[in-house]
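Top to bottom, those sequences are chains A and B.
Heads up, the first sequence is in the numbering used here, so the first residue is 1 and it goes up one at a time.
Heads up, the second sequence is in the numbering used here, so the first residue is 247 and it goes up one at a time.
Hints are computed from structural coordinates only; laboratory data are not their basis.
A hint or two may mislead.
Said to hold, decoys possible - Below, in silico cross-link-like pairs of lysine-lysine (DSS-like), each with a Cα-Cα straight-line distance of 30 Å or less: (1) A:Lys181 <-> B:Lys340; (2) A:Lys181 <-> A:Lys137; (3) B:Lys432 <-> A:Lys42; (4) B:Lys438 <-> A:Lys70; (5) B:Lys426 <-> A:Lys70; (6) B:Lys471 <-> B:Lys426; (7) B:Lys371 <-> B:Lys426; (8) B:Lys426 <-> A:Lys177; (9) B:Lys316 <-> A:Lys177.
Fair warning: this is a prediction, and the values are worked out from it, not measured in the lab.
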Amino acid sequence: MKYLIVGGDSFSDKNFRSTDHPDLDTSWPKWPEMLAEKLGMKCINLAVGGKGNEFIYSTIQDQILSMHNKDEIGLVVAAWSQAQRRDWQLGQYDTNDNEISIPTRNWREDKIDVRGDLLYFIRRSLRYYSAFEILCKRYDIPYMHFQMIDMYTEYLHGRFKGQSAGSVNCSESEILKIIMKYDATLDTSKFIGWPCTEALGGSPLNRIVFGEHNMNQFVISEEDSHPNADGQVVIADYIYNNMHIV
Amino acid sequence: MKYLICSGDSFTDGNYRSQQHPEMDTSWPKWPELLGEKLNMKVINAGGSGQGNEYIYSTIQDVIESIEDKSQIGLIIAGWSECARNDFQTGRGKLSEERYGWSSEAIDRTGNILGWVKRSLRIFKNLEYMCQYYHIPYIQFQMIPLFVDYLKYHSSSKFPGTRTFQLDPYTEYYDLILKKIIEYEKIVDISKFIGWPGVEELGGFAFKYELLGDASLSCIEDQYKFGFTISKQDGHPNAAGQVKIAEYLYDRLDINVL
Numbered sequence: 001m002k003y004l005i006v007g008g009d010s011f012s013d014k015n016f017r018s019t020d021h022p023d024l025d026t027s028w029p030k031w032p033e034m035l036a037e038k039l040g041m042k043c044i045n046l047a048v049g050g051k052g053n054e055f056i057y058s059t060i061q062d063q064i065l066s067m068h069n070k071d072e073i074g075l076v077v078a079a080w081s082q083a084q085r086r087d088w089q090l091g092q093y094d095t096n097d098n099e100i101s102i103p104t105r106n107w108r109e110d111k112i113d114v115r116g117d118l119l120y121f122i123r124r125s126l127r128y129y130s131a132f133e134i135l136c137k138r139y140d141i142p143y144m145h146f147q148m149i150d151m152y153t154e155y156l157h158g159r160f161k162g163q164s165a166g167s168v169n170c171s172e173s174e175i176l177k178i179i180m181k182y183d184a185t186l187d188t189s190k191f192i193g194w195p196c197t198e199a200l201g202g203s204p205l206n207r208i209v210f211g212e213h214n215m216n217q218f219v220i221s222e223e224d225s226h227p228n229a230d231g232q233v234v235i236a237d238y239i240y241n242n243m244h245i246v
Numbered sequence: 247m248k249y250l251i252c253s254g255d256s257f258t259d260g261n262y263r264s265q266q267h268p269e270m271d272t273s274w275p276k277w278p279e280l281l282g283e284k285l286n287m288k289v290i291n292a293g294g295s296g297q298g299n300e301y302i303y304s305t306i307q308d309v310i311e312s313i314e315d316k317s318q319i320g321l322i323i324a325g326w327s328e329c330a331r332n333d334f335q336t337g338r339g340k341l342s343e344e345r346y347g348w349s350s351e352a353i354d355r356t357g358n359i360l361g362w363v364k365r366s367l368r369i370f371k372n373l374e375y376m377c378q379y380y381h382i383p384y385i386q387f388q389m390i391p392l393f394v395d396y397l398k399y400h401s402s403s404k405f406p407g408t409r410t411f412q413l414d415p416y417t418e419y420y421d422l423i424l425k426k427i428i429e430y431e432k433i434v435d436i437s438k439f440i441g442w443p444g445v446e447e448l449g450g451f452a453f454k455y456e457l458l459g460d461a462s463l464s465c466i467e468d469q470y471k472f473g474f475t476i477s478k479q480d481g482h483p484n485a486a487g488q489v490k491i492a493e494y495l496y497d498r499l500d501i502n503v504l
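So here's chain B without its partners, still in its complex pose (with noise of 0.2 Å):
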C-alpha cells in the first residue's frame, strides 16, 4: 500500500479544533483520510492549524527525504495558505511527532504582502521541482485564498495586524501582485495545480470559497448557509465539507497515473 502525503493548515489538520466552539467534537474525518480510503493509500497528514506555505512545504519535503524507497509514496498534495503566514520551528520535534516543533504568527512582523506573495510562488514551483525529480505524482491548490482575506481584513494601515473587516481588497498591491501571479503562469505547470492561479478575478479559485461557499459573499456568516463550513461564527469546512473537498479532489484525480 503506497503513502499519500498531504499537507496544509487548518483546512487539513488532522487534529483541528474549533477556536470559536472549544468544546465542539470536531473529530469527523478529515479530507486526507477520507481520499486515502478511496485510493487504498496509507495517509501521512502533516496539516497544521495556523501554518503558512513554508510549513506546508518543509513538512512534504521532510517526509519525503525520510521515506528512502521513493516509488512507496504514491501522490503528494499540497492545500496552499496565506501568504501573510510566518513559520518557524522551535524545540526537538520529531517528525512523527504532532506539529514537529513548529509555530506561526499569523502575519509576518517583516516584509510586504509583495515579497510573501512572491515567496510563496517559489516555494509552489519547489514542491513542483522536488515531486518531479523524485517521479512522484502532486497536485496542488489553494485551499484558502492566498492575499485577498489578507487585504480584507489585516491590511488596514490603522489597525495593523488586527481584522478591520474593512472590505478594500483594492489596495495600490492589488495590481501588481496580480501582474506577479500572472507571470508564474508561464512557470508553474498550472496542469498541476487545481483552480490555477487561485484568484478570482484571475479565472482561478481557493477551495475555501469554491467548494464551501460563495467568493462574492465576504463573512463566514454568508458562507455557513451552504451547509458545509461549521458555523455562523467558524468557517473550517464541517464533516459535509471535509466529504466535498475529498470527493472534489478524487474526482479530479487521474487514477491512471497513481
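So here's chain A without its partners, still in its complex pose (with noise of 0.2 Å):
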C-alpha cells in the first residue's frame, strides 16, 4: 500500500480544534484521510493548524527525505495558506540526543510576518509552489497542489486582526503581476484553481467546492469558517474527482 502525503494548515489538521468553540468536539475525519481511504493509500497527515507555507513545504520535504524508497510514495499534495504567515523551527532533542521531529512540537508561527512586506510575502509563497513542483518531479512523485485558503486578499484590505498599518503598501495589480509570471513557472495543470486568486479567475479550493451561498453548510458556524464534518467529506470528493490531473 502506497503512501498518501499532505501538507496544510488547520483546514487540513487532523487534531484540529475551533478556538471558537473549544468546547466542540471537532474529531470529525478530515479531508487526508478520507482521501488516503479512497486512494486505497496509507495516509501521513503533517498538516498543523496555524502553520504558513514554509512549514507545509519543509515539513513535505523533510518526509520525502526521510523515506528510502520514493516509489511507495503514490501522491503528495498540497494545501498551502495564507502568504503572510511565517513559520520558523526550534530544533528540539530529546535526552538521548533523539531529535523530536513532531511538527506540532518544534515548529512555531507569528501569524503575520513583522519582516519584509505583502508583495515579499507572495513571492515567498510562490518561490515555495515552485520548489514543492521541482521536488516532485525529480523523484517521479504524483503531486498536486491548490491554495486551501486566501492567500492574500484579507491581508491586502487590512481585514487582518493585528495587521500594522501601512504593511501593504501595494496595490492588487502588483500582486497579479508577480502572480502571473509564475503562469509560465508552473504547471499549473498541477495546480487546482490555478492563478489562486479570484481577481485572475482562479480561486483558493474552499471556496470552489463549498460555493458562495452554500457556505455555512459546510464550515462550522458563522463565527469559524473551518469545515465541518461535511465540509471535509466534499473537500476530500472534490480532490477525488480531479485525481486525473495527477
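Two chains, two separate frames, one set of hints: put the complex together.
Next comes the structure, spelled out in C-alpha cells:
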C-alpha cells in the first residue's frame, strides 16, 4: 500500500480544534484521511493549524527525504495557506539526543510576519510552490497542489487582526503581476484553482468546493469558517474527482 | 556565451564596501567576475552583503526562472553564508536592480540555532533539486562558516545579539548540530559541494578559513597575516583573496561538463 503525504494548515489538520468553540468535538474525519481511504493509500498527514507555507513545504520535504524508497509514495498534496504567515523551527532533542521531529512540537509561527511586506510574502509563497513542484518532479512522485484558503486578499484589504497600518504598501495589480509570472514557471495543470486568486479567474479550494451561497452548510459556524464534517467530505470528494490531473 | 549565475553574501557582493574602512576603494574584481572571465561566460552576480541563505537561494531561483532557455545557463554557484541570518524583501525591487529590495537581520529573532541549521540544509538541497531538474551544472560551498562563528561570537546568553568574543563553541548544541549535518551527508550530493560539510571537525571547511586564513586562528587580526584579507579589522577578501577564491574554484571545475 502506497503513502499519501499531505501538508497543510488548520483546514487539513487531523487534530483541529476550534478556537471559537473550544468545547466543540471536532474529531470528525478530515479530508486527507478520507482521500487516502478512497485511494487505498496510507495517510501521512503533516498539516498543523495556524501554519504557513514554509512549514507546509518543509514538512513535505523532510518527509520525502526520510523515505528511502520513493516508489512507496503514491501521491503528495500541498494545501497552501495564507502568504503573510511566518514559520520557524525550534530544533529540539530528547534526553538521548534523538531529534524530536513532531511538527506540532517543534514548529512555531507568527500569524503575520513582522519583516518584509506583502509583495515579499507573495513572492516567498510562490517560490515554495515552485520548489514543491521541482521536488516532486525530481523524484517522479505524483503530486497536486492548491490554495486551500485565501492567499492574500484579507491582508491586502487590511482585514487581518493585528495587521499594522501601512504593512501592505502595494496595489492588487502589482500582486497579480507577480502571480502571473509564475504562470510560465509552474505546471498549472497540477494546481487546482490556479492562479489561486479570484481576481485572475482562479480560486482557493474552499471557495471552489463550498461555493459562495452554500458556504454555511459546510463550515462550523458563522464565527468559525473551518470545514465541518460535511465540509471535509466535500473537500475529499472534490480532490478525488480531480485525480485525473495527477 | 552562456551565463554564470552566482549568489552569496559580502564575500561575493560585486559592490562590497568595507564598514571598517568606508573611504577605501574596494572596487577590485570579485571572484564571480574573475571566474566568468576564465570560463568565458556572462556573469550574473547576485551576491549581497549581510544576506543569508534564503536570499542566496531565492535570488538564484528568481534568475533561473527569469531565463526562458535554461540551456543558456552554463553554471550556478552558491557561496553559502551563516545560518542565523534572516532575509526578507520590501518594496518593488526588480530582478535587474541591485539588492532587489532585500534586507536581513544578522540574527533571526525567531527559532534557534538547530532550527536555522535545518533551514539552511533544506535550502542547500533545494538548490540541488532545482539545478538537477533544469539540467544546469552547479556547485555549492560554505563561503563563511554555517554556525561556528555564531556560537563563538553571538550566542552568549548574557549579551544576546552582540559580539562578545567569548570563545565557547562547545555549547550544548554543538554535537547536535554536527549530528544533523551528518544526516544530510546521505541526502546531499556532496560531490557538488566543495568542502562538504563545511565544518572542520567533520573534515570539511568554509572558504573563509581554508583559502584566506586558518580556522585555528580565531580573530581577524591573525587571519590578516596570510595576505588575503583587507585589514586587521576587516576580514573580507582583498583583491588577492578574490583572485584566490576564483582560481580555487576554477581548478575544481570539471570544464567538460560546462
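Status of each hint after checking the structure:
1. A:Lys181 <-> B:Lys340: holds, 13 Å
2. A:Lys181 <-> A:Lys137: holds, 20 Å
3. B:Lys432 <-> A:Lys42: holds, 26 Å
4. B:Lys438 <-> A:Lys70: holds, 22 Å
5. B:Lys426 <-> A:Lys70: holds, 21 Å
6. B:Lys471 <-> B:Lys426: Judged against 30 Å, a Cα distance of about 34 Å means the pair is violated.
7. B:Lys371 <-> B:Lys426: Roughly 14 Å between the alpha carbons, so the hint for B:Lys371 and B:Lys426 holds.
8. B:Lys426 <-> A:Lys177: Distance of about 39 Å is beyond 30 Å: violated.
9. B:Lys316 <-> A:Lys177: holds, 22 Å
The earlier numbered hints that this structure contradicts are 6, 8.
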